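Engineer: Protein chains in written order, with UniProt numbering: chain S, 1 to 336; chain Z, 1 to 318.
Fair warning: there could be bad hints in the mix.
To be verified - Keeping only pairs whose Cα atoms sit at most 27 Å apart, straight-line, the calculated DSSO-like set for lysine-lysine is:
hint: 1; chain 1: Z; residue 1: K26; chain 2: S; residue 2: K28
hint: 2; chain 1: S; residue 1: K281; chain 2: Z; residue 2: K257
hint: 3; chain 1: Z; residue 1: K316; chain 2: S; residue 2: K7
hint: 4; chain 1: Z; residue 1: K111; chain 2: S; residue 2: K39
hint: 5; chain 1: Z; residue 1: K257; chain 2: S; residue 2: K25
Said to hold, decoys possible - Stretch-level coverage of chain S by chain Z, calculated; a stretch enters the list once three of its residues show a Cβ under 8 Å from a Cβ in chain Z:
hint: 6; region: 131-145
hint: 7; region: 233-245
hint: 8; region: 264-277
hint: 9; region: 315-329
What the hints contain is simulated information worked out from the structure, not anything from laboratory work.
Computed from a predicted model, the values in this text were never measured in an experiment.
The C-beta atom is built at its ideal place from N, Cα and C for all residues, glycine as well.
Each chain, written out:
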Amino acid sequence: MVLHGIKKDSMKDEESQKALQKKAKLYKELLATVLGYKKEHNYRDGPLKHCAALLEINPDVSTAWNYRRMALEARLESATGEERIGLVMNEFTLTEKALQKNPKSYCAWHHRKWLVLRGLSSPDTELYLCEKMLDFDERNFHCWEYRRFLAARMGVSDQDELSFTTKKIEQNFSNYSAWHQRTLLLKRMQEATIATAESDSSPHTGVHNVALSSEKLDQEYDLVHQAFFTEPEDQSGWFYYLWLFGNTLHKSHLENGYTGKRVEEEIQICREMLQLEPSSKWVLLALARLLVTRGAADLTSQAEMYSIYEKLMQIDPMRKLYYMEVKDKHIAFSSI
Amino acid sequence: MSEESKLVELDVEAHAKYIKSLENQKEETLESLVTEHIRVSGVYWGLTAMHLIGKLQDMELEGMLEWLMKCQGDCGGFAGNVGHDPHMLYTLSAVQILVLLDRLDLLDVIKVVSYVQSLQQPDGSFAGDRWGEIDTRFSYCALCCLDLLGQLDTIDMDKAINFVQSCRNFDGGYGCLPGGESHAGQIFCCIGALAIGNALDTVDKDLLGWWLCERQTMSGGLNGRPEKLPDVCYSWWVLSSLSIIGRIHWINQEKLKEFIMSCQDVDGGISDRVGNMVDVYHTFFGIAGLSLMEYPGLAEVDPTYALPTSVVRRVKGE
Numbered sequence: 001m002v003l004h005g006i007k008k009d010s011m012k013d014e015e016s017q018k019a020l021q022k023k024a025k026l027y028k029e030l031l032a033t034v035l036g037y038k039k040e041h042n043y044r045d046g047p048l049k050h051c052a053a054l055l056e057i058n059p060d061v062s063t064a065w066n067y068r069r070m071a072l073e074a075r076l077e078s079a080t081g082e083e084r085i086g087l088v089m090n091e092f093t094l095t096e097k098a099l100q101k102n103p104k105s106y107c108a109w110h111h112r113k114w115l116v117l118r119g120l121s122s123p124d125t126e127l128y129l130c131e132k133m134l135d136f137d138e139r140n141f142h143c144w145e146y147r148r149f150l151a152a153r154m155g156v157s158d159q160d161e162l163s164f165t166t167k168k169i170e171q172n173f174s175n176y177s178a179w180h181q182r183t184l185l186l187k188r189m190q191e192a193t194i195a196t197a198e199s200d201s202s203p204h205t206g207v208h209n210v211a212l213s214s215e216k217l218d219q220e221y222d223l224v225h226q227a228f229f230t231e232p233e234d235q236s237g238w239f240y241y242l243w244l245f246g247n248t249l250h251k252s253h254l255e256n257g258y259t260g261k262r263v264e265e266e267i268q269i270c271r272e273m274l275q276l277e278p279s280s281k282w283v284l285l286a287l288a289r290l291l292v293t294r295g296a297a298d299l300t301s302q303a304e305m306y307s308i309y310e311k312l313m314q315i316d317p318m319r320k321l322y323y324m325e326v327k328d329k330h331i332a333f334s335s336i
Numbered sequence: 001m002s003e004e005s006k007l008v009e010l011d012v013e014a015h016a017k018y019i020k021s022l023e024n025q026k027e028e029t030l031e032s033l034v035t036e037h038i039r040v041s042g043v044y045w046g047l048t049a050m051h052l053i054g055k056l057q058d059m060e061l062e063g064m065l066e067w068l069m070k071c072q073g074d075c076g077g078f079a080g081n082v083g084h085d086p087h088m089l090y091t092l093s094a095v096q097i098l099v100l101l102d103r104l105d106l107l108d109v110i111k112v113v114s115y116v117q118s119l120q121q122p123d124g125s126f127a128g129d130r131w132g133e134i135d136t137r138f139s140y141c142a143l144c145c146l147d148l149l150g151q152l153d154t155i156d157m158d159k160a161i162n163f164v165q166s167c168r169n170f171d172g173g174y175g176c177l178p179g180g181e182s183h184a185g186q187i188f189c190c191i192g193a194l195a196i197g198n199a200l201d202t203v204d205k206d207l208l209g210w211w212l213c214e215r216q217t218m219s220g221g222l223n224g225r226p227e228k229l230p231d232v233c234y235s236w237w238v239l240s241s242l243s244i245i246g247r248i249h250w251i252n253q254e255k256l257k258e259f260i261m262s263c264q265d266v267d268g269g270i271s272d273r274v275g276n277m278v279d280v281y282h283t284f285f286g287i288a289g290l291s292l293m294e295y296p297g298l299a300e301v302d303p304t305y306a307l308p309t310s311v312v313r314r315v316k317g318e
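Generate the whole structure from the sequences, applying the supplied hints.
Structural biologist: Structure (structure tokens):
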């Protein structure tokens, strides 16, 4: 684990130095001891306790977690009743402590997953851990990944998981992780509703040739509108909005007229927002992209699109070269 | 040189001194101890940084190489340090060190290759070790490692690439696993893997390039995903990805350079952000990021292999 976020002069005083030296000595001894136990295949309670003490200081020593798994594999073979329960409970307690210390510890999450895969935990316990961790940090991608793992294992419906993302988004529109999760669920739900083999969408290429239905799109536009009406500078909703637009450009929607209608509605909405906030970067960018979809023949729209990019180059100079290049590329939205 | 003017230029001497000071450091400080288990990567970061600033000759290499080879397990993989378990991450770092120093003669290539091969899964993904954690980081490690050894044909490349492609998200980015949220570190791994596999055609470069250039915050520094704080290490993960897809000019390089400079410590080393403690990881990635932006005096770095370009050319026989 590399040391992120540690202030330079935070530990220079003598008392802190002494404490650090003491901790260093303890850590060094613990580490050497645990590696020794591992080498000897010593899986008794005492050694496991030492290992736990080490991991409580540093949850990222993967070899120590490996040792614990070797110990469990060996002992669970013959352990029964209380001993068994005790062994397993220790792992739960330890992983929770480790995750409190470092909520992003790959090793700790993996160890927990390993316990579940061995049937040593109940889904409810794990979901509860997930919810607690997401309440603490709604952007913890390890936790979201863990939640996906649990949902798949428990057969939780995509609809239920979708409701969970709605809940998270309504708590905080700026939850990019929840919006991301939404794209997965909606895509999967749509693919599941396609009965025929006509769709050559492969769930594993990340590209969908299957778009969301117009009903679904209407619902999603309503949701994302709430997000950017509430806070236009919150970028998460805007990334999602552009993805919705990619879906809207699907050939099925072009054919049934939905695209044309939706483009005009969204252009109108963007214009209204610009009246209140004329220099809102995200609204300007969205409008520029929407105007591209009106087609190259629509010279007025193209001219407006160019002038929007000129404005963006001024209000968001950090990305000047991006805007300069992309205005000639006539980029609307991707179809991912 | 005044304290202030030091911060607007790369203080190569100070950084060389800092990295050199790590060389013979006995594992006594807590900081050193808590990173003991990843030391092999630490050495790769330190040595490559020294190469980029033209100071590799200052390092004591023989003793280090002896120690490095002790980190190799019977299975062929390398651990992060003696006594620890082998893992894909340190296997790559070890091979990178040996390639950097042109000491592949020390390596039983067949053994390493068989270790990496053994970790490929039926769906093309790679586990980190025998305990089965799957992550696109390990796909990158596997492909980079094998490519440096000229042994890419020992694994199922089609499946490996398909798996990476299956991790592409709505925003053009990539995550740890299929469905994993886009994150600059994972994006580097996936784009690097796709570059090695000659499969960049499935990357939506305009969309991803835009997502990546949106990582630049008001401070000029880069974050790893939306709404997060900037961190010097993203000067590498984001920039190398942008470089590979030909859009490195989409970020404001002057402001990023300023940010990296401000993260320097007058005593040497670079930290994750201004005012924090330095470490060799951020020192390397800050320098590597500056190299990608052609900062004067730095050797050129290859964005795919995270090694000096001259070294990659040598290895690939160009």
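Engineer: None of the hints should be skipped; say for each whether it holds.
Structural biologist: Hints, verified against the model:
1. This hinted pair checks out: K26(Z) and K28(S) have alpha carbons roughly 11 Å apart, not beyond 27 Å.
2. Taken as a hint, the K281(S) and K257(Z) pair is honoured in the structure, with Cα atoms around 24 Å apart against an allowance of 27 Å.
3. Using a Cα cut-off of 27 Å, the hinted pair K316(Z) and K7(S) is violated, with the two alpha carbons roughly 42 Å apart.
4. For the proposed pair K111(Z) and K39(S), the alpha carbon gap of about 22 Å is at most 27 Å, so the pair holds.
5. Of the pairs offered as hints, the one joining K257(Z) and K25(S) is violated, with about 39 Å between alpha carbons and a cut-off of 27 Å exceeded.
6. Counting residues of the region 131-145 of chain S whose CB falls under 8 Å from any CB of chain Z gives 4; the rule of at least 3 is met.
7. Look at the region 233-245 of chain S against chain Z: 5 of its residues bring a Cβ nearer than 8 Å to a Cβ of that chain, three or more, so the hint holds.
8. Closer than 8 Å: that is the beta-carbon criterion, and the region 264-277 of chain S has 0 residues meeting it against chain Z, so the requirement of 3 is violated.
9. As drawn, the region 315-329 of chain S meets chain Z at 9 residues by the rule of a beta-carbon pair under 8 Å; at three or more, the given contact holds.
The earlier numbered hints that this structure contradicts are 3, 5, 8.
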